[in-house]
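Peer 1: With chain A held as given, fit chains B and C onto it using these hints.
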Amino acid sequence: MRAFQTLVLTVLTVAGGTAAQAQEVPRWGLEQVIASSFRASGQAGLDRLQQTPMQVACSVAHPDRLPTEAQQRIEREALQGVQFPQDGRWLGNWQAGEKIAQSGTGLQYSDPPDAPRGGNCYGCHRLSGTEIAFGTIGPSLVRYRQRYASDSDAMRRTWIRLWNVHAFNACSVMPRFGDAGILPAAQIRDVMALLFDPASPVNR
Amino acid sequence: MADPMKIRAVMQSGRVEVKILMSHQEETGLRKGADGELVPAHFISNVSVSHAGREVLRVQWGRAISKNPFLQFAFRGAARGDELTVTWIDNLGDTRTDRITIA
Amino acid sequence: MKPGTSRLALTPRQCEGLIASEGGSCSPLPLAGEGPGVRAMAVGVRNRRGLALLALALLPVSAHAADPTSVYRQMLAEDNPAELAVAHGQQLWEQPRGPRQAALTACDLGQGPGVVKGAFAALPRYFADTASVMDAESRLVHCMVTIQGFDRQQLAAAPFSEAGAPQTDLEALVAYVAAQSRGAKIRVPQSTSEEHDSYARGRDLFYRRAGPYDFSCANCHGADHLRIRLQELPNLTRPEGARSAFAHWPAYRVSQGAVRTMQWRLSDCVRQQRWPQLIFGSQASIDLSTYLGVLAAGGTMDAPSVRR
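Read top to bottom, the protein sequences are chains A, B and C. If you use numbering that gives the first Met the number 0, the first sequence closes out at 203, no skipped numbers anywhere. If you use numbering that gives the first Met the number 0, the second sequence closes out at 102, no skipped numbers anywhere. If you use numbering that gives the first Met the number 0, the third sequence closes out at 307, no skipped numbers anywhere.
Take the hints with a grain of salt, since some may be wrong.
Claimed, not checked - Simulated pairs of lysine-lysine, BS3-like, Cα-Cα distance not exceeding 30 Å: (1) B:LYS31 / A:LYS98; (2) B:LYS18 / C:LYS116; (3) C:LYS184 / C:LYS116; (4) B:LYS66 / B:LYS31; (5) B:LYS66 / B:LYS18.
Don't read these hints as lab results, they were simulated from the structure. Remember, it's a predicted structure, so these values are computed and weren't measured experimentally.
Bound conformation, chain A alone:
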């Protein structure tokens, strides 16, 4: 009985461990230092430093080495939170999508809070075949439609990625454009159109 209790306790500790670690008494005063090292500015309040469970779990040097169970839990919770378009319409306007992809402003404390936000897709990805100023943090999305299909399943999966990429890839470095409220659904539709519309420069 004792061995079983110990086993249960160990499993619970390991499972809850990743969440609990950051709240343990730090040996080097990290939380105190954080509390005294940042100030609210513009639209960036100190609440932005409060971590979500996913952020806590992923704040490690090698997130790919997290236990499978922990990764799956992140993915499951992310998928559960995805909000799909109410009217079932996946695609918006690709021209608007290109503007969103090109714009890197939004949510910085130097940005006006009411200014339209960009997705900064080109910061990390290649999209249009003719735009040479692209980043390499994420994979190339050139000819997205041809490479990843354009059926409703492909669209659904792409929507999920844009909304909360952690549904498929726990601890990915890509922002949660829908889940974190970075882009509203209408703008995510425009980005979808940039990826899927045959007339989009991504697919020409």
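Peer 2: Chains B and C only, in chain A's frame:
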């Protein structure tokens, strides 16, 4: 007087290689400051380099020159140990003169 | 291939220009995988002399193929506008200034009072007089306050110059102090418990995911060969990347026409991470420098450098 220039003058294969780094804000007069007002034009208008009483380089500049201008040129007819005099004057009448010994 | 022909990757114009005098001919041979504008040309030359001349003509082309960008960077570095800030910083170090009309020559940057040479390469470090780990910038502020009588709030309120404005005193002083460590081996100490803690906090901060974008430093600086748009990002988790970054700040930033410091670099990253503002001289800002500096151990300081 304005901030000193950084000047290097080195003999190389019978020529003097001169490199001059000037400290100057080089305002075009077309830029708006934080208050929304145009920042007045303030840029180097003339540079003169002399050796042994002879002007070896005369320069006329406008507002298109960037901040902290760097000027490089070479000339013949001088020797190690000779002195070079560099003077700039700007559109507001500010000026700076520095001297260097050719190495 | 016919005898006397060579198959080379040339543009049509290169081919035409090269062989015109030798009476050869260019016929296009598209190679699979070549980009537009570069096609292999079959260069037919009449004789061995033509072939030898062709080879000679091609030599300078391949020699210059190595990177005009690094040639340009070297030209900039040789006459770095930061030298002006360094000269000004030296004046500020040596002149009696402030309410106490004292010079900074009594300031202890970790190697003893007044010792500037090599000091930057061993910062951040623990200082007993403040019982804390400090970097070059916080230490300079400390000296300006305690030795010269300047007001700490005023110094911390505007440490970095605005666009188009002259360098602040702090930027000039950091440039001067850093320049006196040019060529020195990076050796940020880890000898006290405070220094160990600073490193540990810096490391935790480096990997900390936070804010609406879930950005940590590691998101962008945690792997090889990443770039944001066209800006290459050093992998700070590897010694080469850490050394390259630590050795080259402060830097003359060409896009801003000003010397920018490590504190500036860190706070500007934090802004783009969508976090709240990193306070100038805060312990977190120092700890990040400690972490980077320890990873950069063995590198060679070369600051102020020239950056984009």
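Peer 1: Next step is simple, just say for each hint if it's right about the structure.
Peer 2: Quick rundown of the hints versus the structure:
no., hint, in the structure
1, B:LYS31 / A:LYS98, "27 Å, holds"
2, B:LYS18 / C:LYS116, "27 Å, holds"
3, C:LYS184 / C:LYS116, "12 Å, holds"
4, B:LYS66 / B:LYS31, "16 Å, holds"
5, B:LYS66 / B:LYS18, "16 Å, holds"
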